[in-house]
Every structure is written in structure tokens, then in C-alpha cells.
Amino acid sequence: MFLTISTTGDEQYPATDLGFLLHKHPDNPFSATLSHGTAHVLYPEADAERCTAALLLEVDAVALVRRGKGKGRGGAPDAALAQYVNDRPYAASSLLAVALSGVFSSAMRGVCHARPELPARPRPLRIEVPALPARGGPALVGRLFEPLGWTVTAEPVALDTEFPEWGDSRYVHLVLEADTLTLAEALRHLYVLLPVLDDAKHYWVSSDEVDKLLRAGEGWLPAHPEQQLITSRYLSRRWSLTRQARERLELLRLAEADDTDVEEIDNAVEAETEEGAEEKPAPLAVRRREAIVAALRASGAARVLDLGCGQGQLVQELLRDPSFTEIVGVDVSMRALTIASRRLKLDRMGERQAARVKLLQGSLTYTDRRLKGYDAAVLSEVIEHLDLPRLPALEYAVFGAARPRTVLVTTPNVEYNVRWESLPAGHARHGDHRFEWTRGEFRAWAGKVAERHDYTVEFTPVGPDDPEVGPPTQMAVFTTGTAQEAQAA
Amino acid sequence: MTTTETPHTGNPQPRGRVLPVTDLSLVVLVGASGSGKSTFARRHFKPTEVLSSDFCRGLVADDENDQSASRDAFDVLHHIAGKRLAAGRRTVVDATSVQQDARRQLIDLARQHDVLPIAIVLDVPEEVCAERNATRTDRADLPRRVIRRHIRELRRSLRHLEREGFRKVHVLRGVEEVEHATVVTEKRFNDLTHLTGPFDVIGDVHGCSAELEALLGKLGYVDGVHPEGRTAVFVGDLVDRGPDSPGVLRRVMAMVKSGDALCVPGNHENKFGRHLKGRNVRHTHGLAETIAQMEGESEEFRAEVREFIDGLVSHYVLDGGRLVVCHAGLPEKYHGRTSGRVRSHALYGDTTGETDEFGLPVRYPWAEDYRGRAAVVYGHTPVPEATWLNNTICLDTGAVFGGRLTALRWPERELVDVPAERVWYEPARPLRTEAPGGHEGRPLDLADVHGRRVVETRYAGRVSVREENAAAALEVMSRFAIDPRLLPYLPPTMAPTATSRLDGFLEHPAEAFAQYREDGVARVVCEEKHMGSRAVALVCRDAGTALRRFGAEGATGSLYTRTGRPFFDDAAVTEEILGRLRTAVTGAGLWDELETDWLLLDAELMPWSLKASGLLRSQYAAVGAASGAAFPAALAALEGAAARGTEVGELLERQRERAGAAAAFTRAYRRYCWTTDGLDGVRLAPFQILAVQGRSLAALPHDEQLALLDRLVEHDATGLLRTTRRLHVDTADPESVRAGVDWWLELTGRGGEGMVVKPVGALVRDAEGRLVQPGIKCRGREYLRIIYGPEYTRPENLARLRARFLNHKRSLAIREYALGLEALDRLAGGEPLWRVHEAVFGVLALESEPVDPRL
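Chains U and V, in that order, give the protein sequences. Counting with the numbering used here, you get residues 1 to 489 for the letters of the first sequence. Counting with the numbering used here, you get residues 1 to 855 for the letters of the second sequence.
Only chain U is shown next, with the shape it has when bound in the complex (with noise of 0.2 Å):
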């Protein structure tokens, strides 16, 4: 909420030119109200040599939330803004940069009438923003700034200095100089770069965002090496449905109820997926449905059940094979169905095609009547994201209740993880994985759970087999006597 911009001058170019390119007198304190508060300009210090100018926006936090109340009314739709508790009246955040337009348009335009030379004039500046939302932290802001002609200072504000433990925050305090700028160069450059290290949302972005962003990033923003991250965080703030699926308010009032943050919870999706950004599948994720469709064929199953389905991408590649005539997707979580859904286009879907496929929200932890009767079903990289004491449940409810005559479970071979040159040693492969077993331990119980509910069960590699470590994915194919006899007939 608080920024400088400070120069030097001589004689020539005394440094109070700076009231007359901001459009504001040093000696006259300026309010403007804006939409989320009131800005202040002052000037700390205003002669020849040096002076300052001070941009203080006032945000008022209980009309942030207040308006966010409802949604389409342009106020805070994210749930983080709907909060009380906000960094928003302290933080250089988005705010900070409409404000910016809003008080200093003329001087972006790079116009001046009464001193119409000075706008096109570099001079020394000097922009100090004492907390600065960086989210990529000190580094990315160098790599923001400093194609740019600026010499960065970024210090990371400690967290809490009572608890050094805790690290650094997100903000900075970003000192920026440079002698090679101009003023209305410089506006440009904050009206752009603030939102975007801050990466949150503010307001829904309107049509013209586009254009403004093309405007003020005139003549810099094209050549910049980080163009690509710098468009498309800007641009991020853009209403999809992805957003709407984002809208798990019953899910962030449970998380808020346990004073947890939403993410944590609201987790069955990954982000980048989620963001409908063209989809890059992993080779394994491929080769993974390779094989359970093979296995599936090879079971000679017809009605298939998905459980934990996920986002559809199985329950999609199975409809594309006729053989399969019933096939259902199961996922506990509501945004994976609704992704799943739109991935599908059910609601375009021909009645034929529709016919087949349904998606149900379920749970592996109960028994579930619905699931019952089916040839086949498919727990693919599902179990390792149950807590281990709740893994009997799901057990009975497949093996015991459902009873298809093949299941298909694949789950993660952690013993390949030293081959995942990104992966560092000792972590799980998804922040969400409860437990990554060995091939031995989950031989070990696959061969309980068959012994238990008289299944018969056999394990196939997915991906390439390391004469080391084994496959990165492991499958057991389960089979009941009566699927077996089936199969011999």
C-alpha cells in the first residue's frame, strides 16, 4: 500500500521536475478515493537535489470483504480476500498498481503540458517499495526488473522475527535505480510487474485487460525474456469454469472450520491441469492406461467400473473402445466429476454414447450397493492416497462388497523413485501420496487381500522394467475363480 519514487537533480533538472511529471504539486498534499480506498501523494523531501514522492493507498479492508459477499458484483471472488485478515492494506499488491493508473495516468501517458520535454527525458530514479508481495521471491524480481535496465535490491521480510524459524515471507523490500529510464517507463513497468509478482486476484479481469496490458507494456514488455510468465500471470485472473469448480465453498468451510487452508483439502486436483493449460500427458501416465486397457480386454470385461476416476482420463480412453459397454467413473471428489464431466462433454454426449458412461460420487471407504455386479474395476493410483489404517476398508468394500471379477490396481513403485532425476531423494512423487510401497510390500498385500477375498492375483510392470529398482508403476490384476473359469470356457 505504500511506495516511493524518488530522483535527483541540478540545477537544470531540478529534482521537483518530478511534481510536474507526476502531475502533482510537492507542497500540496493529493487524496483521490479509488474504488478499494484512498490514495495519498506526498513528498517527503522536495528540492533541487532530491525528491520524493510518496504514493499511500488506504485500503478499506471491511468494504474488501463486504463486497466480496455474493458473487459477479466485481468484488473479492477469491475466498483468500474474503477475509478480514488480509495483507492487503500493507502489501504493494495488485491494489497498489490500480492505484497507480488511477493518480498518475498522465505521467504513464508520458504526457506533461506544462513541461512537455520532461516526459521523454531519462532520469535518475530511485523506487523503493518497503513490502512487496513477491511470490518466485528476490530471485524472479531480478529477473523481472533487471532486463529492463533496473538495479535491483531485494531483501525477503522475515515472517515473524520472534520466530526466526518460520523464514521469510512473501514480500521483499525491492529498492529499484536506474539512471536510463524515463518516469512514465518506470509506472509502466510497477503497473505491470506488481500484480504480477503478487499472482493474486483481485478483481475478475475484464476483456480489456488484454489491451491494457498491451498498452503498458508497449516498447519493453515484447522483449522481455520472461514475456511468456509475465503474460500469463497477468492474465491468469481469468473466469472459467475451472473457476467455477474452484468454488467448493462447502470444502473451504470445513477447511476454515479446522483452520486449515483450503488447498489442503480441496487437493483431489492438481493446479496446472486444472488451469485447462493444453494438457502435456506423462509418458507413464500414458503407458499406465495402455496397460490397464490391455488388461481390461484381455478380462474380456464389458462393464467397467472407475474407481477414483479422477479427472476422466481413463473413463475418456475407454469409451473410445466399444467393448466396453457400461462404464462408470467413481471419485469422492466433486471438482475431479465436474472436470471429468466437461472433460467427457456429457452433457453433448449422444443418448448411445451417453448410455454408457455415468459418473458417480462415491467413496472406497463404504460399501457402496451401486457398484456392485460389475465385470471389471480399475484402482489406478488410487490406494496410496488413503491412509494406510483406512486401506481395510477399501479392501472389503472392492474385494468383499463390489466383488467385479477383475480388479486392476496400479500404484506407484517407490523403489523407482531414485530414477526420477527431479525428484529428491526421500519424497513422495505427489504431495498427496499417504505411502509409496516397494514391490515386495505391495506384492505382499495384494497377496493378502486375494488370499482373503479368494481372488487370484499376478503382477505386470508398467513402463520401462530397471533390472535395479523395477518398473515406475506397478500393476496386480486380481481375478476371481469364476472370471477364471469364464476365461477357460
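These are calculated hints, taken from the structure and not from any lab test. Predicted model only: the values in this text are computed from it and were never measured. We put the beta carbon where it would ideally sit given N, CA and C, even for glycine. Do not take every clue at face value.
Not close to chain V: a few residues of chain U, all C-beta gaps over 12 Å, as computed [claimed, not checked]:
(1) 214
(2) 422
(3) 479
Cross-link-like lysine to any residue pairs, in silico, SDA-like; alpha carbons within 25 Å at most [as the list claims (entries may be wrong)]:
(4) U:358 - V:453
(5) V:277 - V:254
(6) V:809 - U:63
(7) U:24 - V:632
(8) U:372 - V:86
(9) U:345 - V:468
(10) U:358 - V:466
(11) U:24 - V:643
(12) U:24 - V:642
(13) U:448 - V:445
(14) V:257 - V:197
(15) V:333 - U:373
(16) U:448 - V:571
(17) U:372 - V:363
(18) U:448 - V:363
(19) V:809 - U:259
(20) U:24 - V:646
(21) V:809 - U:66
(22) U:448 - V:368
Given chain U, work out where chain V should sit, using these hints.
Using the frame of chain U, we list chain V on its own:
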């Protein structure tokens, strides 16, 4: 099967044939068009009991006589009839039903719902029918040949009706007889709901006469009669295998005859009965022994036995529908029903069609699916120990195989047993090491919790859960919560005090005291609000208790958050805390005093930073960091401008205030943070014992609660447990109220979070009988900065924040409280897991209702 009709020979009865009709049955009126079926139905049955095909034609085709709509009309009729029968309501079908095919569909429907199909035939002369139709404008042009055909078909049918499957057939001949007949409603034989006992339900005796006598003696019977008028109920299998089946029969038959006992048949009686009737049955499974023992009995006794067995009713519904007794168990949809398959299930149970390694049929675990309200008490399958599963219990503890003979006292639900004198018969397979359905990790059914639901609570009636809230709860329960068996309760949300109008305050205890005064609650206790996270602890005396009572393996209890998540990822840490609690409970002597081997505690776990560290860092500390970084620079700039003579005085002053508020905010959240190492620095403040074995303590007055808990804290040598400071206030005494306010001011002035005001009586209703809020929280002025933001105390902010709406929060608090109480009562009452879970799940679902999260 019975057919009643007036004999053709002899005089017609002068007046009034009496037609018995079972209270739950499908009554099919059979008669030609114009025979007076609708009039008859109107006269003898409730209008809503009668479904007419004409009416259904009208429903689907706007024309009651449109014969082309008959097919659809009957679909509708069958559908409605099915719904009624499923709900246990007698249904009368008013259609011609003169064709066998039409009747067959109705008989199938009756069988589908296990009710008796009953036919009432209205055999009225053709002329009468024709005449009646002629007077009706809508039927005036019905051709005579149609009526003639109806009557022809009716006559042809008469002889077959019983063979078709009607269990009662009443034929009324002529207009006279139709007009003067009366219908009387008969109860089903199995309906003994009017008998309330108390009962002693006795498991499979199998000829173990000595054990039976011993058990009857232990139950207090003197020569087959209980001095307090209790009734014995035998679950069947009195005979076979054991040493003295005749002796057992003699005792039981005498008790039944004198009204001191009821008896349902077992499969062994059934087979023995067929043998007595001279049918050819195989003398296996111990029948040979019975036959041999009967050798010496008189023919008269044999006849009595035959008659006794013949008269046994497959199952009984007793005690207002709360108790169902049968031999092999019975799913809810068969309770009180009458059909071949009901009898067969009652006698033999359900089998999967497979056989096990001993060649015996594999039984379908029907009890696992059972969700009924009535307790089902049965036998048939020998188990080592009688245990409740989903409100069902098998009492066959294998007396004849050297086990025990077991009885269940009802409604006390106490088990009484005597050991077998010896192994009388070698079992074909070893007794199962587990009761039917009792299985490690066996989960609940989705139908227990999914979708829109209504939970019946004893304190607040029906509490609804909406579908979207259940969906969210399912997600959290499935993915993050601990095992439901160790999650028997979730704490309800609590409403804050009404908004204060006092300068500088949003909440103030004066309003809380006033509200309780209004509710008629004089004595309240103020309990300090601990600065941590809500925690529920289930503490078992030992691992054996946890396994036996909660089915938990490898844990001696649980410690979980308000949404059912485990507090600690590391089970060893949880066990360490449970261990310390256990030591304190033992030291305080509470196991014996409360006659329990487990305790469920409501508590606060500190510090808050232990669980909420993510939130603290991402939200609270972040705001502190940002404000701490921004204000010094902003103030310096303003001071610089002021020094230059710029007019910024007011703005500067305001920023100083804001900086002060931000600093106060930082101080406020820091109080909730301290560094812990393992359990060092962790504190637990229990403030209520929720339940113990057999008893919910939700109604135990808070002063007694706190006295018990103080002793618990005293006996904790590890420093884990903390007491709850408290002050009693009389809401009617201004002096006392003032002391309460001062106490709060002092508490919060020193940085305390605030207090919770509770009626001392804990579970209190108001004058209208509605539940009173079990607690009202009054949060401290500084603490509320964490909720409403650092600068909430600024007058312009307070003015806006006072517009907050508490009604929904209060209603939610009461509904969740009622569900919580219900969970505790169900837990204490030993009800099945799904019943407890239903209420617990309801609390979680309600927590996702849209309510201002800051309240």
C-alpha cells in the same frame, strides 16, 4: 388358505357375512363392470387404501373409460400399489380382475412385497350389472357382451383363485350378500407389537435340557414362571443333537401354553415337524438323536409336539416394533411380513449358494447390511460370543457344542449365559472365530451418509442434511478423517454472544448473561477459552478395550480435530498423549468411579500453532510481516512531509493508529504460537467428559464435570494437562453479573482469548422445551483482531461490523449440538456403528453450511 362362501344348499345367511381381511394385505376385488366394486370398496375401506383402474385411466388419459390407456393405467396402479405395500400399507385394487393374467400380476406384486393377497369376489347377476351401467352416462354405451364376458370369465376363475395364490378368498354371491357383508381387520400372527415384555430371549437350546433349566434359574424363573412377569422368548432350534430334546420341548411348550413364553420355529423344529407328520426326511444333523429320545414318549405327547410345531409363527415383532425375534435373522423389509420367502429366511437365513470347505452352506451376511431401527435377535449360526452388529445379535453360542447357552434381557440389553456341561455334539466345523459380520476394517455403507438425509435426534427432532453438504463431508471424511470406529463424536459449532453496542467492543459478556437470563437459566459457569485447537480424545484403558469396544487394532484410542482429522501424523505421538491421559485417569481413580474402561473427552490442544501453522504463516504472520515492513517507511515519509510543512497531520495521526493496531494484531496472534519439540510445550485442557461405557455425560452438570477434570489434571505429572479457570455467575444477580464481566475484562486484558458461558446444568431446555445454547462464546477485544482484522476497532469499522447476523449460526449450533448429543447417546447405548456415524457425519456436513465464518 381359506375360502369363505355361502353354501349353495341351505338357507342364505340372513344378514351380514363377516369377511376377515389381514391388516397388511393386497385386497383384490373381482367382479364384472357394474358389479358394485367401487361402492363396496368405499364402504369398507379408507378412500386412500383403494386404487381404482378407472381413476388411473383418468390420470394417464384424461378419460376413465379409455380402454386404450389400460396398459399405462395399470402400470401406474401397480406402481402406486407397490409403494404402498413397501411402506406397509394395506391396498385394495378396484379393477374387474376377472382375467387370470390381471390377477397374476397382482399376486406377483403382493409376493414382491411379502404381503398376503386376498380376493373378494362380487358375483352379481348380469342384469344388475347392465342396469347399473346404463344409469351411468359414461358407461351407458358399454356393450352388453362385455359384461357377459366379464361374468363368464369370473365364473371360470372361481375355482382357481386359491391355486393362483390368494391366501384368502371371499366370494359374495348376489346383491344381497354384497350389500350386507362386513369387513373386519385381522392382525397378522407375527404382530405382537402390543407385548412389551420385559423379555428374556433365549438362544438355540438343541436339547440341552440341564443348561436350559440352569439358565432359566439364573434368569429368575421358578418352574417356568418369572415372579416379575417376564416373558421368555425362544429363538428356535429347541431340538436335535443334545441329550434331552423331549425335556426341552416339554418345558418350552408348557411355558408357551401358560403364556410365560413365546417361541419361533428353527429349521430343526421344521424338519422334526415334517418327520412327525410322517414325511420322509434324512435323519442327519442330530435328528436321529431326537427321534431316538422320542421313542419312549407317549403318542399323546407326540401329537402335542406336532401341533405345537405346526402352530409356530416364523417370527415375532414385539415391544412396539422395537424388537424382532426369529431363528436365522431377518432383514428389515421382511419384518412383520407374511410370505414363503419371509418364512424361509426366518428359518434358514440367506445363503450365497456356495458351500464352504466343510460342505456347509455359506451364509449371506445379512446383518452387515442391516440398517433397521428394530433390534433383531436370532440364533442359528453358532458363534463364540454374542455381540451386537448393526442392532442385531446372534444368541447361538453353541451350548450343544460345549459352548454356552445365552439369553438377552430386553429392554435391558444385558446378556446372561450359562456354560454347557460338556460337549454334547461335535460340530461339523469349528465355531467361527468371529461373530457374523464382525470383521476387521469392515466399512460403513455409503447409503448411511450419502445424499440428502434426515437424522432423527431425541433432543431436536429431525435434523436435515443437504446433499451438497453431505457431498463435502464425504470428501473430508473419506480422505482425511480417522477410522470412523475411533471417531464417535464431533464437536458442534458454538454461537458467539449477541453483538455489543458498547464503545470499542464487538462482543461483551453482558449480552451472554442477558441471553441466558432470558432463556430462564440462572446459574451459568464462565470457562476460560483456551488458546488452542479443539480436540476430541478417545482414551481406552488398554489396547484390549480399544479392540473389543471400538474394533481398533494397534491403537488405544484417538485424538482428532473438529473435522475428524488426526492431530498428529505420527501415531506414536498420539499414543504418547493417550498414555499420559490414561495414567491420569488411573491416578484419579476415574475408571472405577465412572464404571468404564474408556472415556471420550472434549478438550483444547495448545498451542494453536501446532495445528494451524500453515494458516498462521500464510495468513496471520504474513499480515504482520507486511504491515511491519510497510508502516515504518510510510510513517517516515509522512513525518518528512510534515517537517516540510505539508498539511498531513490527520493522515499521519491515522497511520500511527493503524500501525499501532497492526502491532497489536501481531502481538495477538503471537500469543497462540510457541515452539514445541515432540510433546514438549504441548498442552491439553480437557473441559468435558462426553461419554463413558454405557453412559453419555453430556447432561452432567459442568461443576461436577470440572471437579472430575480437576482431579484428572492433578494426577498428570507430565505437565501435559491444564485446568480450565472458571467463575460461577448468577444471571439474575447484577452483582454477580458485574463480577463476571470484570473477570472477563481481566482475563482478556491479559491477552486471554475470552470465555465460554455455559449453563451449569449443561443440557438445558427453555420454557417451551427447546434446547438452550449449550455455550455462548465471548471473545476478547484483542483476540478479535485475528478474526476481524487488525483495524476492526476503528469506530467506522466497528459500526459496519456490528451488522452481523447471528440467527443462522445459533440455529446451526443447536442442530449440531443435537446431532452431537445423539451420537453420544447412540454410542453409550451400544448402538451399531452406522447409527453413531450417521450423527457424526451429520455434524461434519452441517459444518459446511453457509454461515459467516467469523461468528
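Flag every earlier hint the structure violates by its number, smallest first. Violated hints: none at all, because every hint is consistent with the structure.
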